[in-house]
Every structure is written in C-alpha cells, then in structure tokens.
Amino acid sequence: MINFRLEERENKSFWMNVIAPFIAIFIALLISCFLILLAGVSPLESYKELLIGSFGSRNAIAETLSRATPLILTGLAASIAFKAKFWNIGAEGQLYAGALAVTFFGTGLIELPTILMIPFLFLVGAVAGGLLLLPLVLLKNYYKVDEVVTTLLTNFIVILLVSYLLEGPWKDPMSLGWPQGASVIDQGVLPQIVARTRLHLGFIFSIFFAVLIWILLSRHIVGYQIKAVGFNPSAASHSGLPVLKTILIVALLSGGMAGMAGVTETAGLKGYLTLDLSPGFGYAGIAVAMLAGLHPLGVIASGIFLASIYVGADAMSRSMNVPSYLADVIVAITVLCVLVSLVLIQFKVKLLGSSK
Amino acid sequence: MIFDFIEILFTAGFWAATIRIACPLIFATLGEVICERSGVLNLGIEGIMSLGAMVGWMSVYLGADLYSGVLLAAIIGALFGFLHAIFTVYLGASQHVTGIGITMLASSIGFFSFRLILPSSTTPPKIIPFEKINIPYLSDIPFIGEALFQHTPFTYIAFISVIIIFWLLNSTPFGLSIKMAGENPMALEAQGIDVLLVRTVSVIIGSALMAVGGAYLTMSAFDAFYFGMINGRGWIAIALVIFAAWKPERALLGAILFAGLDAYQVRAQQLAGAFIPYQFFLMLPFILSIVAMIVASKRTRYPKALLIPFRRGERH
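Protein chains in written order, with this note's numbering: chain P, 1 to 356; chain A, 357 to 672.
Honestly, I wouldn't trust all of these hints.
[Claimed, not checked] Examples of chain A residues lying across from chain P (beta carbon under 10 Å, computed):
id : residue
1  : A462
2  : I650
3  : Y658
It is worth saying that the hints were derived from the structure and are not from the lab.
Computed from a predicted structure; not experimentally measured.
We put the beta carbon where it would ideally sit given N, CA and C, even for glycine.
Only chain P is shown next, with the shape it has when bound in the complex:
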C-alpha cells in the first residue's frame, strides 16, 4: 500500500477552484472511453455524435437548454442545502410536490391573467417543495432523525402519492386510460421563447433564481449564517447564531428551488403532470451542485453542461448503439472526480515512503 499523508495547504489558489471542474470532466470523459470501447465503437466518433446531438443545431441547443432548466433548479436546491451541510437528497420528491401543486391550482381551480398566473404557479410550487421538507427539518432538530434517510425515503412516498392521484382522483378523463393529470390552463403555460422548439420561459426563470440565490448568499446576512452553520454548527450556536432558524430558511429555499423544477416541467415542458415527469432530475441536481462547487452562478454552467451530456447521449445512443446509460456513468464519474479535486485543492499529498 502506498503510504501518504494529506497536509493542509497554506495558500489555496483561486484558479485551482476554477480549473478543477474542467479537469474532472476531462477525466470522466476519458474513463468513459473504456465503456464506449466495450460497446465496440470509436470513443472519439461517439463523443462527436454526443456534441452534435447536444449543440449541433438550433433545435439541439434548445433541447439542451430546456433539459438544463430543471437541472439548474435542482442544482440550486442541492447547493443551498449542502452549503449548510444539510443533506437534502429529497429534491426528486420536492420536484413532484411542486408539480402536484401546479396540477392542483393550475388546472382550473384558480384563474388569473398570465402575468400573475405564472408567478403564482412558481410560488405554489416552491411552497409545496419547501413544506415537504419542513417536517423533516423538525424531526432532525427535535428527534435527531437523520435527514439523509428521511429525505431519500420521502422521495418514494411522494412518487407513490403522485401515482395514486394520477390513477385515481386526479386522472385526466380525456387521457384515454393513460395516467396523466389535467392540462394546465392556457394562462399558466410557460410560453416558448424560441419558436418551433421546446425551450420555454422556465429557462429564464431558472437563471433568474440562480442570480437571486447568488445575491442572497453573497450579499445578505442569511448567506453568512448559512456558511457559518455549515462550517461548524455548534460553534455557530455558541456564538449566538439562530441555527434552527437558519436551517429552516435553508430547507425552505432548497425545497422551494426543487419544487419550482416541478413547475417548469409541468407548466413548461409537458403542460400536465405525468408519473415519468422527472428521469431523476432530483438526484442529478446533486451532481450539478458538486460540479459547480456549490456556487449558484456555477450551477447555470454545470446544469447546461450535464443537460448536454444527457441530451447528447440520447442522440449518440441512436446513431452509435451505445446504451444511453453512458450519460449517467459520465455524470457519476464526474461527481467522484470533483470530490478528488476538492481534496487536492485543500490538501497536498505527501508521500511518506514505507514507514513499517
């Protein structure tokens, strides 16, 4: 076994933080080459197809950006929570909670003019996502029940609830037996922003929220409190910071962002709720956040990048016969590479030679 020790670096370089994600992506793509070779095709050719599939045409770019929309929002959800070391792995469930809220309020119960209806849907979606997280925060605070497990388990509960509602009371009678919800009323549908594509207003909203969260975290006292709680909760508590209040704000913001991802998918992309609304956007959000170094503006870039991998891999799997699960492998390896880079940014490896 190689013997080594990690020593904390004295001066941490800003530029290393910027370069690290790119190196992580590069290594992930390099490792994934082996899997493409297993499929018996050329890795370079496959990556070319992936690139064309995600950025090669006006329609491909629009598709990538519309896929990035929920990823940016769930990425923000993970970033805010992880900054406070609050391990919200429940963005998937919160996304569906937001989608349920849109279906409840947006399919005829409340009718407002478009200019009010769309913000209203984002609001109810965010509130639903945040409220789903609230009892779990209280369980953590008062009963010390680990939020990792409860948020993960809640995902399954919410998706089963969606399944029940779509097959039962909320099933659209016009859907010919297919389990889907009623359509969002015209005033609530997020309009296209590029003609003849699926890119909708939700993308602008996701960027707007990334900037808003960035301002909140970097300019507002709450941002400082979140960082302090994440760094050392007991020290934060001793120095008089309102830890519970901070975690509650974190939970509402984080759950809210994930809830709004449900809004963009229901009111933007599809127009109605389905059981396969999210192919794991909640979990992928963790990868988005990690790749961005938990930086809200970085989330925009990493969300678009991961979306391009998913969209491009679909195209690649059609033309090259490489299973599209390659995208998930690339994303997973990227997360692990980012983790290594985080360690190497903070510490330097000192080889010790054999000590025994």
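Once you've looked at the hints, dock chain A against the given chain P.
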C-alpha cells in the same frame, strides 16, 4: 371481515414470505452495520445492491453456476466498496456525496452493461434461480416446517451470515478493531493498528454483503433483473441500521419485523384493495422506516467517529 385480517398471521405462507422478503434486507443491513461501525457511512448501498443484482443474475444467464454468480456479485460489491474506501477513508472526502456518487456509478454501470449485453429485451429473460431445499425432518413439522424450513440455500446463507457477523464483531480481535475504528480511532492507532486499513476492510466486507443482498433478489426471490428493482431497499436498510442500534442481532430482528409488515400489507391489499388504493400499501415500508427512526431516536447513539475522516498524525 376483521377476522380475515387476523387470519393472515396464522398462515404458513405469510411467515415464509416474511423470511423471503427479509433476506435482502438482512444482507444489506448487516453490510451497512459493518461499514458504520468502523466509522464510514456507505450511501453507495442502493447502487451496489442494484449492481450486485445485475452481476449475479447476468453471470448465471451467461452460463455460470448459481454459487459462482453470488461470488461474482460479492466481488463486484467489494470492488465498489474499495472505491468508496479510497475516497472516504484515504482521501477523507465527504461520505455523503461519495456515497451518492457510488450509488449513481454502480447503478448506471449495471444498467449500461445490462443494455450492452441484452440490447433489446422487452420482456426480461429468466434464469433458473436457487430452488427450495426441504430440511430433512424439520420441514415436515406442520406450519413451522413450511414457514421456516422450506427455503432456498441462499435464504439459509442469510441467516448464517448474521451469526458470522455477530461472531466477527463481538468475539474476534478484528471485530474489536472495527468497533474502535468507529468509536475511538486515536486509541486504535495508539495500539499500532492501521485505522485506515481496518476501515477499508470493513467497507469492502460490508459492500460485498450489500451486493449479495441485491443478488438474492434476482437469484432467489425472483428470476429476472429489472431496472429499479431495488426500489429503495438500500435506503430502508440505512434506516434499519439506526433502528437496530448498529447491532447485527437487532438488524436481523428489524429486518424480519419489517419484512413481516411488508408481507402483511401485500396480503391485506388483496383483502382491502377495493377500499384502499394499492399505492398506500406500497408507501407503508417507507413511512414505517421513518417511524422506526423516530421511535429509535431516544436511544440512538451513533458511533462516535462516524463521518469523521481519520488523518494520520492529526489530533481530533
């Protein structure tokens, strides 16, 4: 009507199903117990179970015998455990994020390889799984025989592994090292024992058990591999570890209790399905896991060094 619900408990089929449902949870919970006892949270569990289910099944599908299939599943689990250990033990990276990353990697590699080998199978192909073995004499006992002694060898292995892990943790020097690595790694280091190595070996053994738990699903409980067939069992196992207070014997108890409720809900569903939608029955395991954690919360005492990376020559 109410008697029908009570009658379920007096059918041998219910108890046999309970044992069957408990097995993957037993393997997975034991595996997580070993990891956490040594101080490492392993959220790779869900993905490692999925990959184990795929590898065990695929090996048999491609011609290996059943026991080699289980062994291969264990080896692939051990490999991913080693990867988890490199990140969390040697590099000291976040155990939460690494675990999620390992789950993403293990399950996606499993799905990728499955599709690569079987590009277009709409109906999943089947293998001949482990067959039931009637234990001589014992299986003839009325009721108890059918409930407990007419299972596949894989099922008996699950119960034997509880005994082995119990013995390992409580009666061997290595078991003591595992527990010290999770409670007081400084003291372990002071005795000249390599904390990082103890943790690494623990995570490898634990992850192998998780993969075997996944393989039980495709090789004993069912005979095919489905995407998403683990369906949260790994996360439930993590809740069971807390409920079991990190003890193997209580992990067995928790898994059986849990499986019993699951087996019961399937049967109650047939009786009450007309009144209560099936989704609410399917929610029960997840709700119960959360309830179990709340119930256990009063006496929950995490291993002291859980989540804390150990760095040589550093004071904690």
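To see whether the hints hold, each was checked on the structure:
1. For A462/A, the interface hint holds, the least distance from its beta-carbon to any beta-carbon of chain P being 8 Å, beneath 10 Å.
2. Hint on I650/A holds. Least Cβ distance to chain P is approximately 5 Å, under the 10 Å limit.
3. Taking 10 Å as the C-beta contact cut-off toward chain P, the hint placing Y658/A at the interface holds, the least distance being around 9 Å.
Of the numbered hints listed earlier, not one is contradicted by the structure.
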